[in-house]
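> Construct the entire structure; sequences and hints are all you get.
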Amino acid sequence: MTWKEYFKYYKFNIFVVFILFITTLIFIYNFLQFIESRQGVILNDPFLSLLPSSNVSVPLFMLTYSGTLLGVGYVLRKPDLTIITALTYMFILWLRMTCMYFTPLEPPLNIVPLRDFVLESTFYSGNVNLKDLFFSGHTASMFLFFMVIPNKKVKWIYLIITFLVASLVLIQHAHYTIDVLVAPVMVWFAYYMANIVYRFCFVRK
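Position 100 (the sequence shown) corresponds to 100 in my numbering; numbering is contiguous.
Bear in mind the hints are in silico, worked out from the structure with no lab data behind them.
Treat the hints with care, since some could be wrong.
Here are the simulated SDA-like pairs of lysine to any residue, each with C-alpha atoms no more than 20 angstroms apart in a straight line [stated by the list, open to error]:
#1 K131 to S66
#2 K155 to S66
#3 K152 to L81
This one's a predicted model, so the numbers in the text were calculated from it and none came from an experiment.
Rendered as structure tokens:
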């Protein structure tokens with residue numbers, strides 16, 4: 001189905017998804033400021049303690065955002081992929097906010113502050129956030145495209161990118177190991193929930 005046909009049949013549904021998407025982004029903007037302001041606990045991470053910290057912000061930034069731009073460009077070609085991706089991403093954000101709310105954490109020891117110029121100029125309000133932890137948003141974002149893109153070759157590319165991004169955030173000590181390991185599981189659950197919503201709202205009976 002083309003975008004023109006999609007708008008013909010699902011104009012209101014698309015509008016609702018758009019409003020919910022924008023609302024979620026506004027909410028998480030304020031939520032992340034709250035997360036940074038509260039006290040948390042430092043986790044004992046045996047694996048991270050064996051891994052020397054290093055500043056890999058630049059390659060991590062380039063890998064994450066090139067992967068994101070290419071992924072968005074791919075899914076925008078098909079309206080069904082676009083809607084499922086948007087729904088999945090919303091579920092990921094709400095799952096992250098829920099997890100962060102119930103697991104207040106301090107950043108790992110020896111963290112090298114992760115410089116992400118896009119996040120700093122938007123959701124981080126010009127700051128370098130350190131407590132945006134459980135679970136890893138960078139890892140989740142890349143695994144999102146692995147889940148939603150049907151092409152097997154492209155899937156493998158995003159699986160490799162996910163592994164590289166996960167490795168880099170650990171080298172940076174920007175996340176605990178558990179943050180990275182849980183991210184794909186949460187993305188799978190978000191994708192599962194997004195498909196339920198999609199079938200209910202966007203599949204013509």
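> None of the hints should be skipped; say for each whether it holds.
The hints, checked one at a time:
1. K131 to S66: Judged against 20 angstroms, a Cα distance of about 24 angstroms means the pair is violated.
2. K155 to S66: This hinted pair holds, its Cα atoms lying about 15 angstroms apart.
3. K152 to L81: 15 angstroms, holds
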